Amino acid sequence: MPELPEVETVRQGLAKWVAGRTIATVEVRHPRAIRRHLPGDAHFAAMLVGRTILDVYRRGKYLWLPLDSGDAIIGHLGMSGQLLIEPASKDDGPHLRVRFTFTDEGRELRFVDQRTFGGLSVSEGGAALPDEIAHIARDPMDPLFDDEAFVTRVRAKRTEIKRALLDQTLISGVGNIYADEALWRAQLHGTRPTDALTKPAVRRLLAHVRDVLSEAIVAGGTSFDALYVDVNGQSGYFDRSLNAYGREGEPCHRCGTPMRREQFMNRSSFSCPRCQPRPRRRA
0 MPELPEVETV RQGLAKWVAG RTIATVEVRH PRAIRRHLPG DAHFAAMLVG RTILDVYRRG
60 KYLWLPLDSG DAIIGHLGMS GQLLIEPASK DDGPHLRVRF TFTDEGRELR FVDQRTFGGL
120 SVSEGGAALP DEIAHIARDP MDPLFDDEAF VTRVRAKRTE IKRALLDQTL ISGVGNIYAD
180 EALWRAQLHG TRPTDALTKP AVRRLLAHVR DVLSEAIVAG GTSFDALYVD VNGQSGYFDR
240 SLNAYGREGE PCHRCGTPMR REQFMNRSSF SCPRCQPRPR RRA
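Quick note: the sequence shown uses numbering that gives the first Met the number 0, first residue 0, plus one each step.
To be clear, the hints were calculated from the coordinates, so they are not data collected in a lab. Heads up, a few of these hints could be off.
To be verified - Simulated DEER-style distance windows between Cβ atoms:
1) Ala18 / Arg277: 21 to 31 Å
2) Asp210 / Glu131: 22 to 32 Å
3) Arg277 / Ser68: 15 to 25 Å
4) Arg273 / Ala195: 40 to 50 Å
5) Arg277 / Asp90: 16 to 26 Å
6) Leu53 / Asp194: 35 to 45 Å
7) Ser267 / Ala155: 26 to 36 Å
8) Gly39 / Gly245: 21 to 31 Å
9) Arg157 / Ala18: 35 to 45 Å
10) Glu131 / Pro93: 40 to 50 Å
11) Arg34 / Pro278: 37 to 47 Å
12) Cys254 / Glu214: 53 to 63 Å
13) Cys254 / Arg279: 28 to 38 Å
14) Glu214 / Ala155: 43 to 53 Å
Keep in mind that this is a model prediction, so the values were computed, not measured. All C-beta atoms in this analysis are idealised placements derived from N, C-alpha and C, irrespective of residue type, glycine included.
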């Protein structure tokens with residue numbers, strides 16, 4: 000699933016191409032693409048036609064596009080969703096779910112989703128921040144993210160540090176790939192108990208999270224298959240810089256020890272046995 004750098008890359012592209020444009024038509028090709036908009040496709044289109052997109056924002060892995068009506072479009076890419084800026088002359092392709100055209104008759108905005116796990120909806124009155132995503136914590140790239148509050152909340156929990164990094168009520172936008180990368184840099188095993196970490200240790204980890212996310216955004220995110228692309232259909236290349244994720248059996252870039260893979264929440268965690276030793280079990 001796309002994580003913060005991938006969604007931020009899409010946000011930047013959308014802001015460039017759709018901010019300030021007025022929607023002319025909305026065509027819903029597949030009802031599942033707007034399943035979270037309960038009134039249905041006719042209502043979805045009626046709320047959007049004639050409205051101007053003011054900007055494009057992000058909260059964690061969600062996008063929202065405030066409109067001049069005070070409402071907002073909410074988008075989530077799911078596993079395979081793509082928001083693409085395409086010329087009207089380009090073939091629709093088999094997985095086009097929603098099409099937006101604009102009054103300036105320029106390039107269209109298309110929501111393409113092979114697996115239909117992503118979706119769009121309209122949040123009434125949600126231009127400032129949609130209620131539907133207000134429960135999601137700020138992400139560490141947000142200038143209003145409160146570092147010390149995060150440190151305090153992490154240390155107050157009785158959980159493992161990787162689980163804390165994936166907890167969207169604590170910190171948003173960090174997924175499996177970037178959690179492994181930050182933990183490798185911090186030389187922490189993902190099962191380290193949060194209440195056993197010192198404040199400086201949590202602050203260092205947070206700094207590594209920011210560094211990893213910043214570098215991944217510059218690289219356009221991480222693309223492990225052809226389904227993640229930016230608004231122009233281009234893949235990211237941060238996978239070339241990964242130190243942990245997906246490197247089972249390869250030498251650690253720090254000490255040379257073969258990297259290990261462990262099961263984690265129906266996924267996999269990657270770490271260095273030497274640099275990131277498993278914590279001792281508590282008595």
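Now for the hints, and whether the structure bears them out:
1. Ala18 / Arg277: 21 to 31 Å: 48 Å, violated
2. Asp210 / Glu131: 22 to 32 Å: 31 Å, holds
3. Arg277 / Ser68: 15 to 25 Å: 53 Å, violated
4. Arg273 / Ala195: 40 to 50 Å: 20 Å, violated
5. Arg277 / Asp90: 16 to 26 Å: With Cβ atoms ~51 Å apart, the hint is violated.
6. Leu53 / Asp194: 35 to 45 Å: Given range 35 to 45 Å: holds, Cβ gap about 43 Å.
7. Ser267 / Ala155: 26 to 36 Å: 28 Å, holds
8. Gly39 / Gly245: 21 to 31 Å: Violated, since Gly39 and Gly245 (Cβ atoms, about 41 Å apart) do not stay within the stated range.
9. Arg157 / Ala18: 35 to 45 Å: Holds: the Cβ-Cβ distance is about 44 Å, inside 35 to 45 Å.
10. Glu131 / Pro93: 40 to 50 Å: Violated, at about 29 Å.
11. Arg34 / Pro278: 37 to 47 Å: At roughly 42 Å between Cβ atoms, Pro278 and Arg34 fall inside 37 to 47 Å, so the hint holds.
12. Cys254 / Glu214: 53 to 63 Å: Since Cys254 and Glu214 have Cβ atoms about 21 Å apart, the given range 53 to 63 Å is violated.
13. Cys254 / Arg279: 28 to 38 Å: 21 Å, violated
14. Glu214 / Ala155: 43 to 53 Å: 30 Å, violated
In this structure, the hints that do not hold are numbers 1, 3, 4, 5, 8, 10, 12, 13 and 14, in rising order.
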